[in-house]
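Asks: Sequence:
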Amino acid sequence: MDLSQKETPFLEAVAAYAAGGIVPFHTPGHKQGRGADPFLLATLGAAALRVDVSDVLLSPRFNDSWTEALAAAQRLAAEALGADYCFFLVNGTTVGVHAMVLAAAAGRKIIVARNSHRSVVGAVVLADAWPVYVDPVYDQALGVWLPPAPSAWERAMEEHPDAAAVLVTYPTYEGATADLPAIVRAARKRGMIVLVDEAHGPHFGWHPDLPPRAVAVGADASAQSPHKLLGALTQASWLLGRDGALPRAAVETVLGILQSTSPSALLLGSLDAARRQMALEGRRLASKALEAAARVEAAVARLPGLRRVRLQDPTKLLIAVDGAGWNGYAAAAALRRMGVQVEMATARHVLALATLGDDEETVARLCGALERLACEAPPPGSPWAPWDEAALDPSGALRGAGRLVMRPREAALGRTRAVPLREAVGLVAADVVCPYPPGVPVLCPGEQVSAEAVEYLQAILDKGGEVRGLAGSPEAPAVRVVEAR
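Using this note's numbering, you'd call the opening residue of the sequence shown number 2 and step up by one each time.
What the hints contain is simulated information worked out from the structure, not anything from laboratory work. Among the clues, some could well be false.
Stated by the list, open to error - What follows is a set of in silico ranges between Cβ atoms, one per label pair, in the way DEER data are often shown:
{"id": "1", "residue 1": "Pro209", "residue 2": "Ala299", "range": "17 to 23 Å"}
{"id": "2", "residue 1": "Leu45", "residue 2": "Thr68", "range": "25 to 31 Å"}
{"id": "3", "residue 1": "Val138", "residue 2": "Ala477", "range": "14 to 20 Å"}
Small disclaimer: the values here were computed from a predicted structure and weren't measured. A virtual CB, placed ideally from N, CA and C, is assigned to each residue, including glycine.
Build the full structure now, drawing on both the sequences and the hints.
Replies: In structure tokens:
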């Protein structure tokens with residue numbers, strides 16, 4: 002069946018079923034909103050609940066088949082995104098990362114950046130893989146982790162020629178991109194599969210001022226989050242792949258195991274619509290995001306103490322606030338009180354995202370709040386003051402990372418006990434523990450806990466940051482470690 006990028010085959014099929022006057026005697030139990038809680042109905046709207054249907058008969062155009070309508074939508078997405086295939090994901094990009102690692106490196110070595118997202122560590126646990134960590138570079142002047150250099154990736158490949166795959170984060174949460182073409186070339190020479198966590202790059206490739214898409218520079222597979230920066234609903238993602246080193250059938254099989262057997266029509270339909278929107282207007286919409294980012298950058302340049310840290314992705318508005326007397330966590334809280342919620346805070350920055358959804362009003366609100374922030378610095382020496390970089394160097398957490406002494410799967414799923422964080426030095430971590438966002442692990446399953454990692458995590462807590470993966474409470478943090486045999 003010939004389809005054009007103007008169509009949304011899955012969303013149209015669901016909408017046609019909902020409008021067909023069929024009385025549903027199937028899941029979900031709210032029966033197209035008839036039985037929904039009144040507040041839920043009022044909040045989401047009757048139209049949304051009408052199309053919240055399960056995998057039932059949909060449309061004569063697709064032989065009444067949910068499967069055929071979905072396959073058609075995925076083919077259009079692959080075509081629009083320059084991939085050989087595309088799988089829609091209803092468990093977020095996390096399930097895409099898990100599927101790629103399981104399909105490419107189950108039971109084998111995989112080379113990953115030490116600052117990969119926690120979902121990568123989860124994938125390693127699920128796949129019973131052995132991670133080879135490549136250290137990123139901490140730029141002290143910018144206060145930002147940068148991706149490992151190509152030479153570091155190639156050195157890891159040379160030292161571990163039996164690795165099945167490499168997994169690259171592209172871009173980082175803050176918008177830094179690795180030299181992906183160079184990494185692809187090095188991996189190709191050694192017969193290694195290239196996987197990409199492209200969660201924060203679904204807008205890549207839609208405008209010449211943005212970096213290219215991972216599959217466009219040779220990656221075998223990548224997982225993107227169109228819900229983060231495009232128009233899909235939260236948790237809706239897709240996995241893009243190229244035929245060749247990583248068999249399509251292997252990815253599909255693993256996704257069939259990992260994904261829900263009751264996928265949300267709302268999420269799938271939103272992916273179909275997000276694809277059409279970008280296929281038809283991608284360059285214009287990407288330009289809109291870039292223009293919004295440029296206006297904020299110009300405003301920040303005029304504010305005392307604030308500084309835009311610009312990396313490879315110009316839509317990521319990473320704003321250093323320490324020059325105005327703030328740490329990032331306090332600045333994010335202050336901005337929220339002013340009616341603006343940023344994406345993330347770090348010790349020295351706040352991160353705001355410019356997307357296709359921004360306009361003059363949203364840009365003005367952000368710029369106005371930042372102006373107030375620059376004029377309302379907290380008292381010097383208060384808990385909200387900037388971090389003392391001499392006392393707390395985030396790179397120390399990785400420089401002091403403990404040795405990997407146990408397979409991550411064995412550590413994560415074996416017998417464990419919780420101990421106070423400060424008493425965990427020298428023991429073997431069983432959990433991923435990381436400041437969040439962005440979710441970069443400081444402790445990984447199977448590693449010995451270092452003193453440097455403990456001090457860094459405690460400092461994050463003391464400054465009001467969030468650390469995920471700890472047991473106990475923020476006042477009495479604990480960490481799960483492997484029970485001694």
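Asks: With reference to the structure, classify each hint as holding or not holding.
Replies: Hints, verified against the model:
For Pro209 paired with Ala299, a C-beta distance near 21 Å keeps the hint of 17 to 23 Å intact. As the Cβ distance of Leu45 to Thr68 is approximately 26 Å, the hint placing it in 25 to 31 Å holds. Hint check: Val138 to Ala477, Cβ distance near 34 Å, so the stated range 14 to 20 Å is violated.
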